[in-house]
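Protein chains: 2
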Amino acid sequence: MVLILLGSVVRNISEIPSSNCGRDGLSHITIAGAVADRLKEVEVWLQTFAPGTRTPIHRHSCEEVFVVLKGAGTLLLGSSSSKYPGQPQEFKIHANSTFTVPINDPHQVWNTGELEDLQMLVIISRPPVKIFIYEDWSMPHVAAKLKYPYYWDQECLNSPKDEL
Amino acid sequence: MVLILLGSVVRNISEIPSSNCGRDGLSHITIAGAVADRLKEVEVWLQTFAPGTRTPIHRHSCEEVFVVLKGAGTLLLGSSSSKYPGQPQEFKIHANSTFTVPINDPHQVWNTGELEDLQMLVIISRPPVKIFIYEDWSMPHVAAKLKYPYYWDQECLNSPKDEL
Numbered sequence: 001m002v003l004i005l006l007g008s009v010v011r012n013i014s015e016i017p018s019s020n021c022g023r024d025g026l027s028h029i030t031i032a033g034a035v036a037d038r039l040k041e042v043e044v045w046l047q048t049f050a051p052g053t054r055t056p057i058h059r060h061s062c063e064e065v066f067v068v069l070k071g072a073g074t075l076l077l078g079s080s081s082s083k084y085p086g087q088p089q090e091f092k093i094h095a096n097s098t099f100t101v102p103i104n105d106p107h108q109v110w111n112t113g114e115l116e117d118l119q120m121l122v123i124i125s126r127p128p129v130k131i132f133i134y135e136d137w138s139m140p141h142v143a144a145k146l147k148y149p150y151y152w153d154q155e156c157l158n159s160p161k162d163e164l
Numbered sequence: 001m002v003l004i005l006l007g008s009v010v011r012n013i014s015e016i017p018s019s020n021c022g023r024d025g026l027s028h029i030t031i032a033g034a035v036a037d038r039l040k041e042v043e044v045w046l047q048t049f050a051p052g053t054r055t056p057i058h059r060h061s062c063e064e065v066f067v068v069l070k071g072a073g074t075l076l077l078g079s080s081s082s083k084y085p086g087q088p089q090e091f092k093i094h095a096n097s098t099f100t101v102p103i104n105d106p107h108q109v110w111n112t113g114e115l116e117d118l119q120m121l122v123i124i125s126r127p128p129v130k131i132f133i134y135e136d137w138s139m140p141h142v143a144a145k146l147k148y149p150y151y152w153d154q155e156c157l158n159s160p161k162d163e164l
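If you read the protein sequences in the order shown, they are chains A and B.
Residue numbers for the first sequence follow the UniProt record's numbering, beginning at 1 and rising by one.
Residue numbers for the second sequence follow the UniProt record's numbering, beginning at 1 and rising by one.
Treat the hints as calculated values from the structure; they're not laboratory data.
Among these hints, one or two may not hold up.
If chains are identical, the list can't say which one is meant, so a pair holds when it fits in one copy or spans any two.
Said to hold, decoys possible - In the DSS-like style, the derived pairs of lysine-lysine whose C-alpha atoms are separated by at most 27 Å in a straight line are:
| # | residue 1 | residue 2 |
| --- | --- | --- |
| 1 | 92 | 40 |
| 2 | 83 | 70 |
| 3 | 40 | 83 |
| 4 | 145 | 70 |
| 5 | 147 | 83 |
A quick note: this is a predicted structure, and the numbers were derived from the prediction, not measured.
One chain only, chain A, in its complex shape (with noise of 0.2 Å):
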């Protein structure tokens, strides 16, 4: 089924398999990237979050852009240029909005409805990422964690790049 997928040039997105990464409440679909097309310049997802679930906080050297289709939650957004991300500023997100997390600025995604799930398609640059993981706001950017490969991207053995 997946080698049908695979060789498909266009593809039924509610066939593509998707994946809760390890996390209650999520579901990844990889729509088009590194490992299914082997794109080296952009990787799309799409991502539901249930009530109450977010992504960790995070940042990596790659652009990103967010398209909202449905449900409604808060985008934190941390500073890169001090010692550690610091009090997050805090931004509403709602259906058919949009908004782009500036390279290498910690953030974090919030599905802070009570009922309605949180989708968004999510576009990144030069996949497969390389995501460096905060336990906190106040954790030095030298210490978060990288995650390579990343949950979906456990079939890409390419070695990453220097970062941050």
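Based on these hints, arrange chain B on the given structure of chain A.
Using the frame of chain A, we list chain B on its own:
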């Protein structure tokens, strides 16, 4: 109004100005990209084609991913390995489908429906896009005409890089 939008971290997509780029039946919105966000690695468009309308036959050296949100149509895909595109392959596209266009392959997307708009999110790498346009499928690649900056990138003053 535009200045307010440019300064916002989170934007309402329905408030981003659209353009028809001089083509009846087209609505183009740059959701995030080189002009408004100074992105260098990815750009995201929301494009809507009225029934019977289509893109030009064209190629570009960036990666491109389509996510079809509404409607149906046809992807025509020519070859970059011969001297001219040749008879294109045809692929049906539909809501909730996705496809990527190989770098430098001449292609065209049609709304072949009679009633419904074809709406797609389009992701490209390395904006602003450098588009080479063909008059027909038998035009040699070297005769395709560069249109740069493209309609929605008039404010970009970067020089195009060398292309195929």
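Evaluation of the provided hints:
1. 92 x 40: between (32 Å within a copy, 26 Å between copies)
2. 83 x 70: For residue 83 and residue 70, neither the intra-copy (35 Å) nor the inter-copy (45 Å) Cα distance is at most 27 Å.
3. 40 x 83: Close across copies (26 Å), not inside one copy (31 Å); limit 27 Å.
4. 145 x 70: The answer is neither: 31 Å in one copy and 40 Å across copies each exceed 27 Å.
5. 147 x 83: So residue 147 and residue 83 pass the 27 Å test inside one copy only (20 Å; across, 45 Å).
Going down the numbered hints, you'll see the structure goes against 2 and 4, while the others check out.
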